[in-house]
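Participant: Each chain, letter by letter, is given below.
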Amino acid sequence: MSTTQRILPKGVAEADFDAALSLFRDTIGSESVLTESEQLAPYTKFMMAGEDADYIPSAALLPNNAEQVQELVRICNEYKVPIWTISTGKNLGYGSAAPGETGQVILDLHRMNRIINVDPEVCTALIEPGVTYQQLYDYIQEKGYKLWLDPPAPSAIAGPVGNTLDRGVGYTPYGEHFMFQCGMEVVLANGEMIRTGMGGIENSSSWQVFKWGYGPYIDGLFTQSNYGVVTKMGLWLMPEPPAYRPFLIQYQDPEDIAEIVDVLRPLRISQIIPNAVVIVHTLWDAGTHVVRKTYYDGKDSIPREAIERIKQDEGIGEWNVYAALYGTPEQIEINWKIVEQAFGASGKAKIMYGEEAEQRGGGFEYRAALMKGDMNLQEFGLYNWRGGGGSMWFAPVSQAKGSETKDQTELAQQILGKYGFDYVAEYIVGWRDMHHVIDLLYNREDPEETQRAHDCFAELIDEFAKRGYGLYRTNTEFMEQVAGTFGEPLRNVHTALKNALDPNGILSPGKSGIRQ
Amino acid sequence: MYNITTDRYAVNSNGTNRLPFRLLSCTAVKRLAIVSGLLLPMATASLATAAEEREPAEVYRQVCSHCHNLDKAVGPMITMPFPEGAWEVRGNHIRNTVRQGRAAMPSFREAKISDAELEGLIDALLRGELANAAVGEE
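Going down the list, the protein sequences come from chains A and B.
Heads up, the first sequence is in the numbering used here, so the first residue is 1 and it goes up one at a time.
Heads up, the second sequence is in the numbering used here, so the first residue is 517 and it goes up one at a time.
Simulated from the structure, these hints should not be mistaken for laboratory data.
Errors might be hidden in some of the hints.
Computed list of lysine to aspartate or glutamate pairs in DMTMM-like fashion (alpha-carbon distance at most 25 Å, straight line) [to be verified]:
1. A:K146 / B:E574
2. B:K588 / A:D374
3. A:K143 / B:E635
The following block holds chain B by itself, in its conformation from the complex (with noise of 0.2 Å):
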């Protein structure tokens, strides 16, 4: 009965947790840990590899529309285009903002919006790809 689901809802940034589980008692995790010290980081770390980066308009569903949706506004309007010679210090505001968080909005950790899924969104945001998504529309 412990099957995982693995679908797209477990929608962690870093695909380990794709890996078909299985409980191990504490004696096998033990043993597997003493027995093979050098395979788990290296099993880990090929896995973290083949990450599934949710695409910018999911992360901004997700996480930022239930504020930052015109209809809400709990955050200020961030969809709107800016211009290129701007995007550098504007990308650099919105990377710093998601991660240390400002005023009334919280900070977002890598856990939550992986480094690779904050930078396809920052680019989306500075192109205005996203204007749509902030009025409601798919």
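Okay, chain A solo, but in the shape it has when bound (with noise of 0.2 Å):
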């Protein structure tokens, strides 16, 4: 019952933390509560910049079900301690599975992994915190329903509930998860448990097609945020279309940025093209693959020299465009003529689908199998570009317009090059948006480099806030910087629905910036 190294909550008594661990005990058994450092070392820091020492546990509770999540924040108000919610804990590069400050209890809700229902019929799933794309993708398969899902990166260790919460995108037409999360259960501080939507109807049959529900529609509240434990997520399923045609489109020249942006926007909003393109960098496209000492050995940023020998070598563009078309085929052989017609009229894009594409040396396999929803880890070879397993995204949103990329590329490339990183990156065109992802790679075994790391991000975030550009997710350290770029009137707002809704501040203290 002792643990080796005590780590108590912020603000807990020592004799309080105690009976409070004691009353977990008592609801969800000795073993599901975890407080020896041995137990807990998967619940520290990873690949983030910042001092491990701020982001220990104090203990690890895991669940079962959502009566026993209730009971347990129950507990929680009683004592006042503060736990950090996670789910499969795979937000690499964005805290993982650690706390968001010392002290906090982790609840973890891997364990609650149950396929409630998966409908082929409305193409919707019903699943609980802990279930993985590899697992809902295992599921449909053993069932032989004829629907994708639209895993992340990190597909097949993560989840959708998870990536849904934290408004993670993939790369189908339902790449903007949020969008397509259909109904909640939520467990709230108190310990009362609400449904969104029309879930609270008792036998309604409509939770996880009808969005709105009646009156106020919180399902954001409960995103991003520490207003609530969600123990159950409806979501939406793409039916797997008659046909589909991923296909890359290369650039040479690092202006092409803007003209590959407005030439895409229209054949995204008119959803001739309907899923969530990639304009790829070419160190992101190399990086997943190839190793950076192969064309570089220095300690600053690689020089414009060998990214032209990368190109060369590996046959990769300056921008890679990956992007897909789904249909019957019929629909597909007009929509790739449009296709076809507005990239090729200036003469600077070379066009190639099928073999021709497999050939050229970027990440062609493994982006055709995201974006039709197959499980596929190969993204994680960009935590080898450098080497030491540093990573933070930085991610800035903006219109989706050429004139955005030149000022935002640059600006990303003199910061970088200032603290001796690279700009591994890629532009994310949503609908009629734009994340502009960069990987801040570097070797987080080098406390000098971490460091760096530390301030490069930090003056990332500044300068991008200065000229408009905010980021639509963080990592826990920048989580409060973040916020602040945001402005005091929201800040304010959600600090009013935090002391309404969590009164004695035990719900992810610090999430997204939000505290009592």
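Join these two chains into a complex; the hints should help.
Facilitator: Laid out in structure tokens, this is it:
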């Protein structure tokens, strides 16, 4: 029962914590209350820069069902014990399974991994937070349903609930995950359980098909927030189309990014190209399977000369567009002609699909897998690019306009260069928006380099915000700073909601910069 | 409509998720907590022993293969057999890497791979039993 390193939740006396631990054990069993440092090792900070000492949990709780979550939350309220909720804990580069701050108790929902329902007619699913994409994929395969998932890059080992609640994205036409979420079951801080949308109606058959329910729509309050613990979530699944054509378009000039986005925008808005398109820079496209030192071994940012050699030797463009067409073969042929005409107009693009695209040196194979919802972790190869396993995702949002790209790209390259890091980036074109996703890769085994990465990330946030670009999501080390860029009036509303729904501040304090 | 699907896709290593499930009102849960203060943990504990472990090959397929299969090469090859004299050292290395992460590899906690499953996986890896799985063969 004793801990080898006694870490206590902030503001909680040791006797009170012991009393809470005892009640936790009564509720979920001793084997589901972890307090030994060896057991808690997987819940410590991983890829993100920051002090290790700032992210050590005091305990971890592993409930098996929502009723146990209700009881655990009531105990936390009684003893003012702060908990940090995770599901699969694979939010890599955003905080993973570690708490938001030292002393918090991890509420680990991974054991709650029931697939409650998959309806092949209305193409919906109702699942618990611990369900992984791989698990749901296997289930659908075994049932023989013609349904696709939309995994993010960590796919198999991550899960739909956690990713959707963090407003993550994927690469099929269902890529904006929160847009395809429908209905939640939520345990509130006081232990009460609610169901959103149509879920409050007993015997409703429309919980997973009609998002809005009646009255204020509140599902969004439980994303990127700390107002409740989501214990079930509905999502929509894409019916497998009769035909699918992934394709690759390469451009060779750094300046071409503006043309690419302007050509893409109308194709995306009109849904000629219905999926989340990625425009991948050379270093990202190479970095999933090439090691940096093959081309450059310096500590500073990789020079232009080496980037040109990579392009030449690996068959990769400066910008590599991965997108796909979906529908009947006839629809695809028509839309392909439109794509060819649109991108072919300037004469700069190399447009390809099938064998020709497969033979290029970039990531066509894994991109083609992700754009049809298959499990694929090839993108983890990026962690080997520089080596050392440090990674933080910097992802400002802008309009999908070519005029928004040149300054952003140059600003990112300038700041990354100042700190000696590489521009490993892609633009993801949503429907009308664009995420400029940059993976700040560094050697986390090197304290000096880790500190540089930390300073670099902080400067990126501030400098992009000054120019009107805010982040769509960030890691636990920088949540406070990013919340600040969105202004005090919004933060005041977030705080008011927190005080109303969680007056003791026990749920994930600090998530998205929200506290009492 | 809230019947819980209980099949092998609920891959929890702790068999408690196979409890017949019924949604309880908050009041009912409170009552349960009050009246069965001892019964609840006992029930949980007894069910916890009914663990449903995944076979090493299944754990490898679900978790490891996506990076460590030869055609992925995101992580190093881990399925080659080791000489028996090195099993303890190699086993400790795998165990620590799985639980604490290393370089590009994330950690995997007990809720994802149970202790028993991890030990089975280590044993199968050391003996080279998963060598075929790594090249995509059944």
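Participant: Now tell me, hint by hint, if it's right for this structure.
Facilitator: For each hint, the structure was consulted:
no.	hint	verdict
1	A:K146 / B:E574	23 Å, holds
2	B:K588 / A:D374	14 Å, holds
3	A:K143 / B:E635	31 Å, violated
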